Amino acid sequence: MSVLSVDNLIYGYSKGTPFETGALRGVSLDFEQGEIVALIGHTGSGKSTLLQHLNGLLKADSGKVLLEGVDIHSSKEALRKCRFNVGLCFQYPEQQLFESTVYKDIAFGPKNMGLSEEEIKSRVYSAISYVGLSEEYLQKSPFDLSGGEKRRVAIAGVIAMEPKVLILDEPTAGLDPMGKNALLKLIKDYNHSTGSTVIFVSHNMDDVASVADRVVVMNKGQVAISGTVEQVYSKGEFLAELGLDVPEITNIFLELKKNGFDLGETAYTVENAKNAILRFLGKGEEI
Amino acid sequence: MSMNKIIEFKNVDFRYADEESDALNGLNLEFYEGQFTCVLGHNGSGKSTMAKLINALEYPTSGSVITYGYDTSDEKNEIPIRRKVGMVFQNPDNQIVATIVEDDVAFGPENLGVPREEIRRRVDEALRLVDMYDYRKHEPHRLSGGQKQRVAIAGVIAMQTNCIVLDEPTAMLDPKGRREVMNALLKLKNDLGISVILVTHFMDEAVKADRVVVMNDGKACLDGSPAEVFSHSALLKNIGLAVPKPMELAVSLKENGVDLKETPLTTEEFIKLFKNYIDNRG
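If you read the sequences in order, they're chains B and C.
For the first sequence, this note's numbering begins at 1 and goes up steadily by one.
For the second sequence, this note's numbering begins at 1001 and goes up steadily by one.
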C-alpha cells in the first residue's frame, strides 16, 4: 500500500470568475514509502495547490487524499493524524519563524502533538542534527541567523514532528550554490536514515536530477508525465513545450543529436555525459 | 575602446552596525558606461552590500564610493545619485506600490515632477521595452513574479536613469520568469545603452554579460570577460561557486584525453567545438 495517494483530485480557485486559475483537473498519484519524488511544472501548473491538498490544508471539490489507505477528510482524527504525518514546509519557510529561541521554534510542532517534555527534547536535538546545525544554535534567537540557517531551522521544525511524508516547496530557492548543495544533501541523508518519503517542488532540473528517485511533471492542473529521472529527462523536447528547462547537460545531448551525433542515450549529469561521449568516441574501455 | 568610468569603489571597508566583521574589506572596483556587468559571489561575500553602496543606500565605513562623480558619503549628493542609478531588489512583492501597472511605473517620474504628457510617453515606452505594455491596466498582484520584476524594471527606466543595479532579481522566479527578465535587461543595454550591474547566483546569466566580477570576503577576487573568469574553475569551486555545465563537461572530457581545445561557456559553443574535434580527429 502506498503511504500517501491522491485519487482524481479536482479543485478550482476563484471558480466562475475570469481569474479561475491554479486548479487541479483530475490528479491521481501514489507516493511510496521511502522514495524521493520531485514535483516540477511551471508557475500556475498546480504544484503548490496539490501540495496543500496532501496535508489537508485545502479540500478538493471532488476526489480523495488517502494516508495509509484512510481518507484524510473521513474524520477529525484522520485529519489530525494527517497534519502530523504529512509535514509541509512552505516556500521561504524562514519567514515563518516566530519563537524567541531556535529550541522553542523547533519544539512548537512536537508540543502541539502533545508529547512529553523528554520526548520533545530528544526530537529537537535529533532534528537540529539532521539539518546540520550544532546544538549551540538551540539557545540563539532565530532572527540572528543567516538566511540559509533560518531555512534549516524551519525545516527542522517540520522534521521534529517525525512525519512519514516530508513535503518541501522549493527548498533551494534563493540559496547560493553552496547552500543549495548542502540542503540537497540534507534531504538525501534524511531520507536515507529515516526511510521517510520526501516530496519536493523545484524549478531547478539539475537539483532534481541529483536527488530524486522519481519525477512528476505537472501541467495545467494535470500530471503530464511521471517516471524515473532518466525516463522524464529523455523527453527533453516535450518538457520544453511545457515551458520547462531541461538540465543544461541534457540540452547539450539533444543538440548533439540534432547535429547528427546520436549518443543513443540521454544524460543529465556531467559524469554520465562524459561517460557517454567517451563511449561514443570509442574510448569507453578506458573508464 | 576606452570606456567612461561611472562608478568607483576606492579602498572601501564597510561594516554593518553590531556585526563583528567587515562586509566589505578594502574593495577596489570600477564600473563602466554601457557595460553589462554580472557580480557573482556566495552568500556573505559582500556582493549585495556592494550594490547598496552604489546608490547611497549605505555609506562606506572607510574609503569612498564615487557614483557619476558624486561622493556617496555626502548627504546632499543622495538625490542626484538616485537620478542616475536605479535599483531593483530580489522580492518582486516588496517593490510595487500602486494598484495598476502603469501607475506603478509612473510613480518615479511623478515624484521627479515630470510633466504629465512626458510621463505618459515614458511609461508607455518603458512598458513596451520590457514587453509589459499589454498589461498596463492590470493589477500588479495578479502578475507572475517575472512580470512583476519587469514592471519594477520599467519603473526604473521611466526615471531615465543611466544605470540600473539589480540585486538577485531572478532568485525567486521560475525558469520562464528568469528568461523574461534577462531578455529585458539585455535589451536595456543594447537598445538604450543603459549600464547594467546584475548581482546573481546564476552562471547562465553571467555567461551573457560583457564582464564578470567575482566577490569573496568583501573583495573582488576575479574580474574579466566570462571566458577569462570561468577559466579559474578550481578557484571558483573553492569559494563555493559553480562553473557553467558545458565548461565542466569539456574540462572533464579533457581529463580523459578528449581535448576540445577551447573552453565552451554555452551549449552552442560546446556543439561547435565538439564538431571541430570530430572533424579534425581523422
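Treat the hints as calculated values from the structure; they're not laboratory data.
Predicted, not measured: the structure shown is a model, and the values here were computed from it.
Even for Gly, the Cβ is constructed at its ideal location relative to N, Cα and C.
Some hints could be false.
[Said to hold, decoys possible] Partial selection, computed: residues in chain C whose CB lies under 8 angstroms from chain B:
{"no.": "1", "residue": "A1234"}
{"no.": "2", "residue": "N1238"}
{"no.": "3", "residue": "G1240"}
{"no.": "4", "residue": "L1241"}
{"no.": "5", "residue": "P1246"}
{"no.": "6", "residue": "L1249"}
{"no.": "7", "residue": "V1258"}
Which constraints among the numbered hints does this structure fail? Numbers only, ascending. The structure conflicts with hints 1 and 2, although it agrees with all the remaining ones.
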